[in-house]
Amino acid sequence: MKSLKEFIIPFVGLKAGKHYFNFDIDDTFLHFFGFDDFNSAEVKVIMELDKKSTLMELSFTASGYVNVNCDVTNEAYNQDIINDMQLVVKFGQEFNDENIDILILPHGEYELNIQQYVYELIVLALPAKRVHPGVEDGTLESEILEKLDELSPKEKDIIEEKDSTDPRWDTLKKLLTDK
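Each residue of the sequence shown is one higher than the one before, starting from 8 at the first, in my numbering.
No lab work stands behind these hints: they were computed from the structure. These numbers were taken from a predicted model, which means no experiment stands behind them. There could be a bad hint or two in this list.
Below, simulated DSS-like cross-link-like pairs (lysine-lysine); rule was C-alpha separation at most 30 Å, straight line [said to hold, decoys possible]: (1) Lys25 / Lys97; (2) Lys136 / Lys154; (3) Lys136 / Lys51; (4) Lys97 / Lys51.
Using C-beta positions, here's what the derived DEER-type ranges look like [claimed, not checked]: (5) Asp91 / Arg137: 47 to 57 Å; (6) Val138 / Lys97: 34 to 44 Å; (7) Asp144 / Thr68: 22 to 32 Å; (8) Phe39 / Ile109: 18 to 28 Å; (9) Phe39 / Ser60: 26 to 36 Å; (10) Asp108 / Arg137: 40 to 50 Å.
All residues carry an ideal CB built from backbone N, CA and C; glycine is no exception.
Use the sequences and the hints to build the structure in full.
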């Protein structure tokens, strides 16, 4: 995959200690990964890189919103997202990113590409089920919600269903009481 320049961090020239990097993410970044679930995005990612003599600790924080469609009504709304992630970068014989929290770079490497981590940070911040806030508090007016209310079973239908039993079960219940 092609790399985006702004997400390549040349860490060789950095002094030991903490360094901060800011990234403004929009929908073009997410479309770069082929992720089209968002209508638009406005997310700010702050990365703190703590460089030490033998390793680096990266701390990512994302906050902002993405415009997504509701899973119930398909209405677009802004979903707030807040997420953070920790990553430890060590040096070894060969590249290894099998562990979620640890990245091993080969000795002699001088830069780090963090675009995949930023992408995962944003996508994993979304809830599994996206529900418009107007659906939860009842303020959203939508044809889909009206149709769902029309087709949903009414309380009196549920009560009548509980009261009426199948006569075959009644016969079986008599067997228990006839002992």
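We went through each hint and held it up to the structure:
Between Lys25 and Lys97 the alpha-carbon distance is near 16 Å, which keeps this suggested pair within the 30 Å criterion. With a C-alpha separation of about 20 Å, the suggested pairing of Lys136 with Lys154 holds against the 30 Å cut-off. For the hint pairing Lys136 with Lys51, the CA-to-CA distance comes to about 23 Å; that is within 30 Å, so the pair holds. Restraint check: the Cα-Cα separation between Lys97 and Lys51 comes to about 26 Å, which is no more than 30 Å; the hinted pair holds.
Separated by about 21 Å at the C-beta atoms, Asp91 and Arg137 break the suggested range of 47 to 57 Å. Judged by the Cβ atoms, the range 34 to 44 Å given for Val138 and Lys97 holds: they are separated by roughly 41 Å. Against the hinted window of 22 to 32 Å, the Cβ-Cβ separation of Asp144 and Thr68 comes to about 29 Å, which satisfies the hint. Distance hint check for Phe39 and Ile109: the Cβ-Cβ separation is about 26 Å, which falls inside the suggested range of 18 to 28 Å.
Range check, Phe39 to Ser60: Cβ separation about 35 Å, and the 26 to 36 Å hint holds. The beta-carbon spacing between Asp108 and Arg137, approximately 27 Å, falls outside the hinted interval of 40 to 50 Å.
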